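Q: Line order of the protein sequences matches chains H and P.
Under the numbering used here, think of the first position of the first sequence as 151, with each following residue one higher.
Under the numbering used here, think of the first position of the second sequence as 2, with each following residue one higher.
No wet-lab data here; the hints were simulated from the structure.
This one's a predicted model, so the numbers in the text were calculated from it and none came from an experiment.
Misleading hints may appear alongside valid ones.
[As the list claims (entries may be wrong)] Below, a list of computed lysine-lysine pairs in the DSSO-like style, where the Cα atoms sit at most 30 Å apart:
1. H:Lys308 with P:Lys5
2. P:Lys55 with H:Lys308
3. H:Lys454 with P:Lys76
4. P:Lys55 with H:Lys454
5. H:Lys437 with H:Lys501
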Amino acid sequence: METMNNMMSHRGEARCVLPVRPPEYSYHARDGALFALIGTKEEQTLPWVANNFLNLEIRKDYTQGFVADFVMLDMWGNCPWIIRHNIPHAVVKAAGLDCVEFIKRVVSSGYYCFLHIDRYYLPVYPLSYHKMHFYHEVLVYGYTETEILFCDYIDGRKYHTFSGSYDDFRAAYQSNADGNAWDYLSGMDILELRDCDWYEYDHDKLIRELTEYVQSRCETTLYDLYPGGKANKSATFFGLEVYFSLLDFLELVMENEKVQLTILPIQLEYCHKTLMRRRLAYWIQQKRLDPAERCCTLLETAEKECLLARNYALKSQALGDRGVLADAMTHLRRAQQADWEGSVRLLEALKNG
Amino acid sequence: MPDKKPEITLETVCLIVNRAIAPLTVEPSQADEDLQELGMDSLGHVAVIVELEKEFGIQIPEEGLLFSQMNTLRKITEVAAGAEQMEEGA
Chain H
151 METMNNMMSH RGEARCVLPV RPPEYSYHAR DGALFALIGT KEEQTLPWVA
201 NNFLNLEIRK DYTQGFVADF VMLDMWGNCP WIIRHNIPHA VVKAAGLDCV
251 EFIKRVVSSG YYCFLHIDRY YLPVYPLSYH KMHFYHEVLV YGYTETEILF
301 CDYIDGRKYH TFSGSYDDFR AAYQSNADGN AWDYLSGMDI LELRDCDWYE
351 YDHDKLIREL TEYVQSRCET TLYDLYPGGK ANKSATFFGL EVYFSLLDFL
401 ELVMENEKVQ LTILPIQLEY CHKTLMRRRL AYWIQQKRLD PAERCCTLLE
451 TAEKECLLAR NYALKSQALG DRGVLADAMT HLRRAQQADW EGSVRLLEAL
501 KNG
Chain P
2 MPDKKPEITL ETVCLIVNRA IAPLTVEPSQ ADEDLQELGM DSLGHVAVIV
52 ELEKEFGIQI PEEGLLFSQM NTLRKITEVA AGAEQMEEGA
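Isolated chain P, as found in the complex (with noise of 0.2 Å):
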């Protein structure tokens, strides 16, 4: 039987990013945070989308390779809910 995917909310995308970005932290109740100004690069928001990519089993959609669209916790786990339903669509 296949491993269960975890369920995209805030909390375990806080965990994905805080792995992607370590040593950086952050928080959910840091969710409207912009984490550029929290210290996040460009290298650190792509290695964002390939974790994120890997631990759902999603194809995060080439908006999100602009930091612009995902430079927030909660915008991250809006892109990847969506980028979700998308694969559950097709």
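The shape of chain H in the complex, shown without the other chains (with noise of 0.2 Å):
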């Protein structure tokens, strides 16, 4: 592997781009980042994305807002197709380099980059993010002559590709580095994409945590280790039951105009859908799923049905009317049906498969 030495040693070139691809799913940035850079390496990395992302947990304070996510345990510790190395902020500045030719020689050594910038300073974003400071994690896999290029998301958490002038760039990462706002990172990530030819499909792993999504439990969080981790335990919704969750929360901003209507939960839902529908087709392609079982089917519209709920609580909210929230509530119902009954028979074909 090559050491940072090394790496600082490169000669920088003029233009430099690595490879990313629009990820699946990007619900938080860094998944994006993952996505954008594994499905580079689809063939290889399938299994991999067959066997997570498969339990859901949401977190229920209608106060705060909802906070929900995959059950994840290390996201970049478990694929092997990443390596992750961390440069603080002052390594950075200690090494007296330019923050812009510091990114430009890590990218021409043929490492990614995940950070923190201000949006702010930087005009690809709209307006709105230019009245106010606004940290954000970004990924950088390239630069031109004059720009650095970025991928990061705006409205719909959707990964997009972005490029900023340098002199905007490093004002968009000094923003930060010099402790303006809480950066979770701490400096940079330096993401190394490799390829693994070790990695195995754990069909085990897979049954069990299906089980637990069917089941609405989890057995893998680390909540005791943090403050307050046995009040959110208590106050955390696994698995199917997190559709309940959901429909709560819609009725109550229904009923009660104070309480906020937040998109995400509902995003995140359809993003698991999605994936489930990648997964069908490895099943499928690994021969452990007959295509025309019906859990096939009935996740299928399970996906559809979450798309729905989630488009009409959007349109929901382009128009201030809460009222539309109850056909995104019928919607959500529709999806809880057809993915319970649609999981529990894909548990019974793949325990068989």
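With the hints as a guide, dock the two chains, each given alone in a separate frame, to form the complex.
A: What follows is the structure, encoded as structure tokens:
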């Protein structure tokens, strides 16, 4: 593996662009970055995707909004195609290099950069971001003679490619590196994308986690390690029960104008179904699942119903009409029904497959 | 006298789509191009539906909320025209 010393001695080229692909899932920036990278090795990484992102969790807190996510212990550490190196801002500064030059050297050495920037300084973001400082993680994948190239999402959580001039990007980086905002990365994550020929799909793990999803439980959370862990644990719901949490929430939004509508957890539920479609294709390809199994149709229905639920919620937001949420709830209930029956049938089929 | 509703054509629909998805723009000559590939996302898609309903006084049927049913200018125009016919027939 190339050392940091070797990296630093690289001569920068005028232009360098590393491969990225539009990710199939980008609910959080780190997920978008992960899928943008492993998507470039789709054939290799499909078994890993099929084996992960299986269970959902949601923490009910109506006053603060929802905290929803896939149950995932350590995404970077758990993905053998990516090696993560973290470089604190202080080290970049101590190296005496301009941050843009540093990033260019990292990229020209074949590494991606995942880091916090301040959107305020980058004109590619919509006007609303230039009225206040807004810190967010982006994935740098290249540079040209005049610009840094990076991936991010704005609305809708869909990853896009963007670019910013060296000066703008420098200001966006520096604003955060100077400690203006909380930065959970505490610097730059240097991501190495490599080949991996040893990963093996683990069918037992899949059965175990799919069972937990169907039974709305999870045995692998880390709540006990964090402050307030027990309280969080009792307010957290898993698997199919997430639907009921969402329905409760939408009902509350309809009844109480003070509760703000947030679409993201519904988007997460929809993303879960789109990934499930990929998994079904994988299992069919591996001859572990018969495409004629009813579970395939049911899970396809669940995906469509989640999409309609999300779009009705978006429509409600766009119209400022909370009554439209009744339609979103109808489709969410249909999705829950189809998902429940489909997942139970899938589990049986895969146990026998 | 009420305002006359604009006629649903590829050109009028294009104007509405551009208003909804700004700063992205499309031209009527791109009638069959996939709007998702041109950069329209789910928010833009819903914004188009909302604008169409307001502008033409129609109710886009539920299938319209699936992007695949309205992912080109031509399809959007056809769905909107179909919705208008439904309104008139009701």
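Q: Return the numbers of the hints above that this structure violates; sort them in rising order.
A: 1
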